[in-house]
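As they're listed, the protein sequences go chains S and H. When we follow this note's numbering, the leftmost residue of the first sequence carries the number 1, and every step to the right adds one. When we follow this note's numbering, the leftmost residue of the second sequence carries the number 1001, and every step to the right adds one.
Because the hints were derived from the structure by calculation, they are not lab data. Watch out, some of these pointers could steer you wrong.
Calculated pairs, DSS-like style, for lysine-lysine (alpha carbon to alpha carbon, straight line, at most 27 Å) [what the hints assert, rightly or not]:
1) H:K1030 - S:K229
2) S:K229 - S:K171
3) S:K22 - S:K171
4) H:K1010 - H:K1045
5) S:K171 - H:K1006
6) H:K1042 - H:K1010
7) H:K1006 - H:K1021
8) S:K223 - S:K171
9) H:K1021 - S:K229
10) H:K1007 - S:K229
Okay, here's what each chain looks like letter by letter:
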Amino acid sequence: MLFLVPYLGFLYWLITKRYIPKSMVAMQPAAEGDASHRLARSSFSVLHFIHSVLFLLVILWLPVTIGILLHYKGDFGSPPNLTIYTNLVVDMTQIESLEVTGIREQVIRAKTEIALDAPNFINSFIFSVTQMIKLLMMLFVVLQLRNILASLCNGESFSAGNSQRLNWVGKVIVFAYIIGPIWNFFLSASVINTVQFSLSAITMTPTTDGSLIGLMVGVGILKLSPAIKEAEQLLDDQRHTI
Amino acid sequence: MANEIKKEIKVNLDLLLVQRKMSLTQLSEKVGITMANLSILKIGKAKAIRFSTLIALCDVLDCTPGDLLDLETI
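Next up, chain S with everything else stripped away, as it sits in the complex (with noise of 0.2 Å):
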């Protein structure tokens, strides 16, 4: 426990000096009977929940990996094995004693097959690890919208700070849309230890579970991106020119 007094010192540096007045965007309170972005201004406030929700699990990460670590009473077991098989042909017309005229398929082609065994500890903590770096990149990507939301509100939504926000968002769903299917693979793989492509039919077991749709979004808000910070630089034309 004694851990935790550094930590908390650690966290109300970073919250109080670097985390609020860096990265959040303060929303200025609307004048008395401005009805004006009233959805903005909701979608903010829920938003804005949300993030605190995720910050504060983003927090509790650490102690409690800590202390289960540190409470853990069981056999942590060997490192992860991989054994690979892979290209395994047999050709049954070669074996003698084998009849096989009345065979449609005299040919077999194994599966290429990887085993990963991993003691459950270690699953469970490359689990736990893995759901940690998701859940930052959802802390991020609600915390740029939070500040896009929070600029609009402000009457500043055509800015060079929301292009650059909207751009990073776009980049971390891309990524994610990317790399999420290959994690998710290789995680289930490391719990249900046997990973097998089948190359005739390209199928992969576990399922990947990839989105089309999703990685399309992102590449959209990276397009979107650009033309934020063309309609900054008319707006920024247009407010000097006298």
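Here the structure of chain S is known, so what remains is to put chain H in place on it, guided by the hints.
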């Protein structure tokens, strides 16, 4: 690599105001442009100037656009 010569438009508002013995506030009132916008013009932060603004400034300062604007090499 040859050095690229950069040029910019300079607004001679300072000089004309001194010559006409006029303050920026007076000019602002006569032309109908805010002090903030005139300051932008004066310090060279303006990116463009409307013809209507140019005409109004030339009218009040009794000058031509050539007197007001100058092309300078940086």
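Hint check:
1. Annotation: proposed proximity of K1030 of chain H to K229 of chain S is violated, straight-line Cα distance about 37 Å (limit 27 Å).
2. For a cut-off of 27 Å, the pair hint linking K229 of chain S to K171 of chain S stands: about 16 Å separates their Cα positions.
3. Note on K22 of chain S and K171 of chain S: the hinted pairing holds, with a Cα-Cα distance of about 21 Å set against a maximum of 27 Å.
4. For the given pair, K1010 of chain H sits about 10 Å from K1045 of chain H by alpha-carbon distance, which is consistent with the 27 Å threshold.
5. For the hint linking K171 of chain S to K1006 of chain H, the alpha-carbon distance of about 36 Å lies beyond 27 Å, and the restraint is violated.
6. For the hint linking K1042 of chain H to K1010 of chain H, the alpha-carbon distance of about 9 Å falls within 27 Å, and the restraint holds.
7. Only pairs whose Cα atoms come within 27 Å are accepted, and K1006 of chain H paired with K1021 of chain H is rejected, the gap being roughly 33 Å.
8. The suggested pairing of K223 of chain S with K171 of chain S holds, with an alpha-carbon distance near 11 Å, which does not exceed 27 Å.
9. Distance restraint check for K1021 of chain H and K229 of chain S: the Cα-Cα separation of roughly 43 Å exceeds the 27 Å cut-off, and the hinted pair is therefore not satisfied.
10. A threshold of 27 Å between alpha carbons decides the hint, and for K1007 of chain H with K229 of chain S the separation of about 25 Å falls inside it, so the pair holds.
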